[in-house]
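Just so you know, the protein sequences line up as chains A and B, in that order.
For the first sequence, this note's numbering begins at 1 and goes up steadily by one.
For the second sequence, this note's numbering begins at 1 and goes up steadily by one.
Just so you know, these hints were derived from the structure itself, not from any lab.
Computed from a predicted structure; not experimentally measured.
Any given hint might turn out to be false.
Just so you know, same-sequence chains aren't split out, so a pair can sit in one copy or run between any two.
Lysine to any residue pairs mimicking SDA-like chemistry, simulated, CA-CA at most 25 Å apart [claimed, not checked]:
#	residue 1	residue 2
1	142	249
2	142	232
3	142	233
4	142	250
5	149	174
6	142	230
7	169	249
Listed here are the chains, written in short residue letters.
There are 2 protein chains.
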Amino acid sequence: MTGRVTIAGLGPGADDLVTPEVQQAIDEATDVVGYIPYVRRIAPREGLTLHESDNRVELDRAQHALRMASDGRRVVVVSSGDPGVFAMASAVFEAVEHGEPMWRDLDIRVLPGITAMLAAAARAGAPLGHDFCAINLSDNLKPWDLIEKRLRFAALGDFAMAFYNPRSKSRPEGFARVLEILEETCEPRRLLIFARAVSTPEEEIRVVRLRDATPEMADMRTVVLVGSSQTRMILRQGAPFVYTPRSVPE
Amino acid sequence: MTGRVTIAGLGPGADDLVTPEVQQAIDEATDVVGYIPYVRRIAPREGLTLHESDNRVELDRAQHALRMASDGRRVVVVSSGDPGVFAMASAVFEAVEHGEPMWRDLDIRVLPGITAMLAAAARAGAPLGHDFCAINLSDNLKPWDLIEKRLRFAALGDFAMAFYNPRSKSRPEGFARVLEILEETCEPRRLLIFARAVSTPEEEIRVVRLRDATPEMADMRTVVLVGSSQTRMILRQGAPFVYTPRSVPE
Numbered sequence: 001m002t003g004r005v006t007i008a009g010l011g012p013g014a015d016d017l018v019t020p021e022v023q024q025a026i027d028e029a030t031d032v033v034g035y036i037p038y039v040r041r042i043a044p045r046e047g048l049t050l051h052e053s054d055n056r057v058e059l060d061r062a063q064h065a066l067r068m069a070s071d072g073r074r075v076v077v078v079s080s081g082d083p084g085v086f087a088m089a090s091a092v093f094e095a096v097e098h099g100e101p102m103w104r105d106l107d108i109r110v111l112p113g114i115t116a117m118l119a120a121a122a123r124a125g126a127p128l129g130h131d132f133c134a135i136n137l138s139d140n141l142k143p144w145d146l147i148e149k150r151l152r153f154a155a156l157g158d159f160a161m162a163f164y165n166p167r168s169k170s171r172p173e174g175f176a177r178v179l180e181i182l183e184e185t186c187e188p189r190r191l192l193i194f195a196r197a198v199s200t201p202e203e204e205i206r207v208v209r210l211r212d213a214t215p216e217m218a219d220m221r222t223v224v225l226v227g228s229s230q231t232r233m234i235l236r237q238g239a240p241f242v243y244t245p246r247s248v249p250e
Numbered sequence: 001m002t003g004r005v006t007i008a009g010l011g012p013g014a015d016d017l018v019t020p021e022v023q024q025a026i027d028e029a030t031d032v033v034g035y036i037p038y039v040r041r042i043a044p045r046e047g048l049t050l051h052e053s054d055n056r057v058e059l060d061r062a063q064h065a066l067r068m069a070s071d072g073r074r075v076v077v078v079s080s081g082d083p084g085v086f087a088m089a090s091a092v093f094e095a096v097e098h099g100e101p102m103w104r105d106l107d108i109r110v111l112p113g114i115t116a117m118l119a120a121a122a123r124a125g126a127p128l129g130h131d132f133c134a135i136n137l138s139d140n141l142k143p144w145d146l147i148e149k150r151l152r153f154a155a156l157g158d159f160a161m162a163f164y165n166p167r168s169k170s171r172p173e174g175f176a177r178v179l180e181i182l183e184e185t186c187e188p189r190r191l192l193i194f195a196r197a198v199s200t201p202e203e204e205i206r207v208v209r210l211r212d213a214t215p216e217m218a219d220m221r222t223v224v225l226v227g228s229s230q231t232r233m234i235l236r237q238g239a240p241f242v243y244t245p246r247s248v249p250e
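Same shape as in the complex, but just chain A (with noise of 0.2 Å):
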């Protein structure tokens, strides 16, 4: 059997922050399964069947990978970002678990991308260049109580934040909700960055002090990064620079 599946990350939308290890996997692939817009970011070609899906189906996407793979075909599944990061990677090792007991003697490789908040990280300086956590704000498949336990935990930690699907539009009170408990947690000068579309034409980096960000501030395209108590920024002719030094004073 020659079959496999390949998740790779297309990183956050630019093509040049594609690795090549992931183009050639696309350039090999027999057929390419994802969420539409990921898929609409591969060129099409003879011989590369395109599979797109819609949002919120992942394991059955990845059950489809899988049996397409069985009868032998290379599949390339496509998150954008890093696929183990909030993506597809978790979604196919779940369908493995519990589905057939041939899928877990597959060819299955993860081929990691440019996460979105390491890509808004660099356009605003280093502001997670010290210890930072990664938290997914959606309570599609998690409890709430989940995501406010942890926030307030990376919070008396003192970790750099930084947060994927800030607000969804079924649940969009959410992120105010996450404001309230950092202005609970944290001092009002804390920076925050509300990074949109990082790499892509419709890109907006923003830079805002705790006492002033608000909800609207950002959408399902934006990551959040909120500084430690020890990040600084740098004011410039241009954009300021954000980040995090490396040392923390005894």
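Following the hints, position chain B against chain A.
Coordinates of chain B only, in the frame set by chain A:
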């Protein structure tokens, strides 16, 4: 003035994990600055000067890069992994903040790369597929108490964790203490991944339960990943898959 400083991430080791964006910056550089093993990854060519420097001189290196850019040179500061994750980007911005006022208005850019924890996670499956923290275990630049505090809050929040610099020559006992704290705060079956030199010929991936983990499993080239309480292992003929499910039950 046409000088610039580009802080570029070379990824964990393999050439096919270097983004085209980073490769282009290197192709256009007049000078490449960095820690010896990273500069050695750059192919020499006419018109390019390679400046190797020792470990632990990050601030000197950053100032050197900024001075050369002020003189009109196109300088690339190379980091392994992602330059914003426990690497050179913060050092450059520290040098900017405390250095010559004109340095603030230089063209300074950070180009993201594949950071070690995500390359390691991809090799093992998707252990960071849910909320996670990244912690630098080196106490060169921060008090050891802060490391312990962050570790405990990360465990209380049931985050998956990634540890950079788990074991240094100068303080070999630190990682043993980290394992003790994990034993106090996590169940003995908790999954750990020791990922050494990922994507290089010396790559070694080891999956163990916390009860079987020992300090000697980590060295200076290892990234250690710790699952959350939900992280699962899928046994199979080859190396097992380790993943953290996307959902957490109520």
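Verification of the supplied hints:
no. : hint      : verdict
1   : 142 - 249 : between (37 Å within a copy, 6 Å between copies)
2   : 142 - 232 : between (33 Å within a copy, 17 Å between copies)
3   : 142 - 233 : between (34 Å within a copy, 20 Å between copies)
4   : 142 - 250 : between (37 Å within a copy, 7 Å between copies)
5   : 149 - 174 : within (14 Å within a copy, 28 Å between copies)
6   : 142 - 230 : between (31 Å within a copy, 12 Å between copies)
7   : 169 - 249 : between (42 Å within a copy, 22 Å between copies)
When held up to the earlier numbered hints, the structure conflicts with none and fits them all.
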